[in-house]
Structures are given as structure tokens and as C-alpha cells.
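*Asks:* Sequence:
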Amino acid sequence: MKKTDIDAILDIHRQAFGQADGEAEGEAIAQLAKDFLDHPDTISISVEREGKLAGNVLFTPFVFTDHRDTKCYLLAPCGVSPYHQGTGVGKELMETSIEHLKSIGTDVVFVLGVPTFYPRYGFVPTDKHTPYPDLLTAPEAWMSLELTEGTVGKLSGKTQAIPQFMDAHWWDTSQHG
Numbered sequence: 001m002k003k004t005d006i007d008a009i010l011d012i013h014r015q016a017f018g019q020a021d022g023e024a025e026g027e028a029i030a031q032l033a034k035d036f037l038d039h040p041d042t043i044s045i046s047v048e049r050e051g052k053l054a055g056n057v058l059f060t061p062f063v064f065t066d067h068r069d070t071k072c073y074l075l076a077p078c079g080v081s082p083y084h085q086g087t088g089v090g091k092e093l094m095e096t097s098i099e100h101l102k103s104i105g106t107d108v109v110f111v112l113g114v115p116t117f118y119p120r121y122g123f124v125p126t127d128k129h130t131p132y133p134d135l136l137t138a139p140e141a142w143m144s145l146e147l148t149e150g151t152v153g154k155l156s157g158k159t160q161a162i163p164q165f166m167d168a169h170w171w172d173t174s175q176h177g
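Residues in the sequence shown are numbered from 1 upward in steps of one, following the numbering used here.
Be aware that one or more of the hints could be misleading.
Below, simulated DMTMM-like cross-link-like pairs (lysine to aspartate or glutamate); rule was C-alpha separation at most 20 Å, straight line [to be verified]:
no. : residue 1 : residue 2
1   : K71       : E99
2   : K2        : E48
3   : K158      : D134
4   : K34       : D167
5   : K154      : D69
6   : K102      : E92
7   : K34       : D7
8   : K128      : E140
9   : K71       : E149
10  : K34       : E50
11  : K102      : E149
12  : K158      : D66
13  : K3        : D35
14  : K71       : E146
15  : K71       : E95
16  : K3        : D38
17  : K3        : E27
18  : K154      : E27
19  : K34       : D11
20  : K52       : D5
Just the calculated beta-carbon pair ranges, DEER-fashion [as the list claims (entries may be wrong)]:
no. : residue 1 : residue 2 : range
21  : T87       : P163      : 30 to 38 Å
22  : H169      : D38       : 18 to 26 Å
23  : P139      : G51       : 36 to 44 Å
By construction, these hints were calculated from the structure, which means they are not laboratory data.
Don't be surprised by glycine CBs; every beta carbon is placed ideally from N, CA and C.
Given the sequences, and given the hints that come with them, work out the whole structure.
*Replies:* This is how it looks when you write it as C-alpha cells:
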């Protein structure tokens, strides 16, 4: 991926998360996105409008330690530029991403996110563990999308995200309303 592409992706996340909750969160999410883009197994999906990046979503591997052969990903972050919010960019990101993940044999996608947005695309609350289950104070925000029928019910045990996402503060839902 070219540096200009990476910079555009980081700027999308900086804008998307900086507008709502202050610049500090925007910078933190942009840094997280950069760390994820440095991981070789990260999947990046972008949507453009008028030749410019309008939104981006990243997917990183997510492992159930007792089920290492099950192909799971974490969705995070998903950002749409403030200018393009409410114009269908988020919907296009989700639909394009889900189709891509299906095409590469993904079994399940997990997200710790807005419980009013992700269910539109088939995500449902899940009782599967995050890497820090004790920090999940908003269980409705932890959701899964089963792409291979019957997979979620078979998953159990401890989970592990890529090293860049194993910092406990990313999993603490008590800090979000």
C-alpha cells in the first residue's frame, strides 16, 4: 500500500473519530489504524466518492485459542468522513466488506461497536469472550456476524487479537456511553 493511501486512510479515521469525541480520540484511532495497517494480515476496504477516499474499514485476525482453524476477523475501526456521513458510504463499506470476507472463506466477523449500526448488516450480540471479558460492561456492543453457518455456536474459550489490539483499554466499554 502506498504512503499516500495510508495517509488518506488515517485521515479518514482521524476525522471520523475526532469530530464526535474530541481530537484525542481521533488521533488514537488513527494511530491504531496505522498499527493495524502495519500487520500483514489486515484487510483494508475503502469507498471513494468523486475520486477521493470517503470511508475505510479494517479487519484484523481474531483467534479463539481452542479453535485456531476457524477463520475469524475483528472489524475495527470503521470510519466515514464527516462530509460523507449519512450518504450511504457506511452501508457500501459494510456490504462490500461482507462480500469480500465471504469470498475469502471467513467464518465469523466480530465487532465491539455501536449496537444501533451493525445489526443492520446482520450482526447480533454474542456471548463469546473478548480478550478482556471482565471489561465488557456493555454486552450489547459485542457482536458477531456468522458467515459460515453453525460456526459461532462451536466457538468457546479464550480469544486473542493481533498484538496491536491487545491493550486492555480498547476493550473497556465502561468509558463509552
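*Asks:* All hints are to be evaluated individually against the structure, with a verdict given for each.
*Replies:* Here is what the structure says about each hint:
1. Under the criterion of a C-alpha separation no larger than 20 Å, the hint pairing K71 with E99 is consistent with the structure, at around 15 Å.
2. A distance of roughly 16 Å separates the Cα atoms of K2 and E48; the hinted pair therefore holds under the 20 Å criterion.
3. For the proposed pair K158 and D134, the alpha carbon gap of about 12 Å is at most 20 Å, so the pair holds.
4. Note on K34 and D167: the hinted pairing holds, with a Cα-Cα distance of about 15 Å set against a maximum of 20 Å.
5. For the hint pairing K154 with D69, the CA-to-CA distance comes to about 12 Å; that is within 20 Å, so the pair holds.
6. A distance of roughly 15 Å separates the Cα atoms of K102 and E92; the hinted pair therefore holds under the 20 Å criterion.
7. Pair hint K34 plus D7 holds up; C-alpha atoms about 9 Å apart against a cutoff of 20 Å.
8. Between K128 and E140 the alpha-carbon distance is near 12 Å, which keeps this suggested pair within the 20 Å criterion.
9. Using a Cα cut-off of 20 Å, the hinted pair K71 and E149 holds, with the two alpha carbons roughly 13 Å apart.
10. Of the pairs offered as hints, the one joining K34 and E50 is violated, with about 24 Å between alpha carbons and a cut-off of 20 Å exceeded.
11. Under the criterion of a C-alpha separation no larger than 20 Å, the hint pairing K102 with E149 is consistent with the structure, at around 12 Å.
12. Of the pairs offered as hints, the one joining K158 and D66 holds, with about 7 Å between alpha carbons and a cut-off of 20 Å not exceeded.
13. This hinted pair checks out: K3 and D35 have alpha carbons roughly 14 Å apart, not beyond 20 Å.
14. Between K71 and E146 the CA atoms are separated by roughly 11 Å; this keeps the pair inside 20 Å, and the hint holds.
15. Restraint check: the Cα-Cα separation between K71 and E95 comes to about 19 Å, which is no more than 20 Å; the hinted pair holds.
16. A hinted pair counts as satisfied when its Cα atoms are at most 20 Å apart, and K3 with D38 qualifies at roughly 12 Å.
17. Of the supplied pair hints, the one linking K3 and E27 holds, its CA atoms being roughly 18 Å apart against a limit of 20 Å.
18. Between K154 and E27 the CA atoms are separated by roughly 37 Å; this puts the pair beyond 20 Å, and the hint is violated.
19. Distance restraint check for K34 and D11: the Cα-Cα separation of roughly 10 Å lies within the 20 Å cut-off, and the hinted pair is therefore satisfied.
20. Pair hint K52 plus D5 holds up; C-alpha atoms about 10 Å apart against a cutoff of 20 Å.
21. A beta carbon spacing of about 35 Å between T87 and P163 agrees with the range 30 to 38 Å that was offered as a hint.
22. The supplied range of 18 to 26 Å is met by H169 and D38, whose beta-carbon atoms lie about 19 Å from each other.
23. Between P139 and G51 the Cβ separation comes to about 41 Å, which falls inside the hinted range of 36 to 44 Å.
The structure fails hints 10, 18 (numbered hints given earlier, in ascending order).
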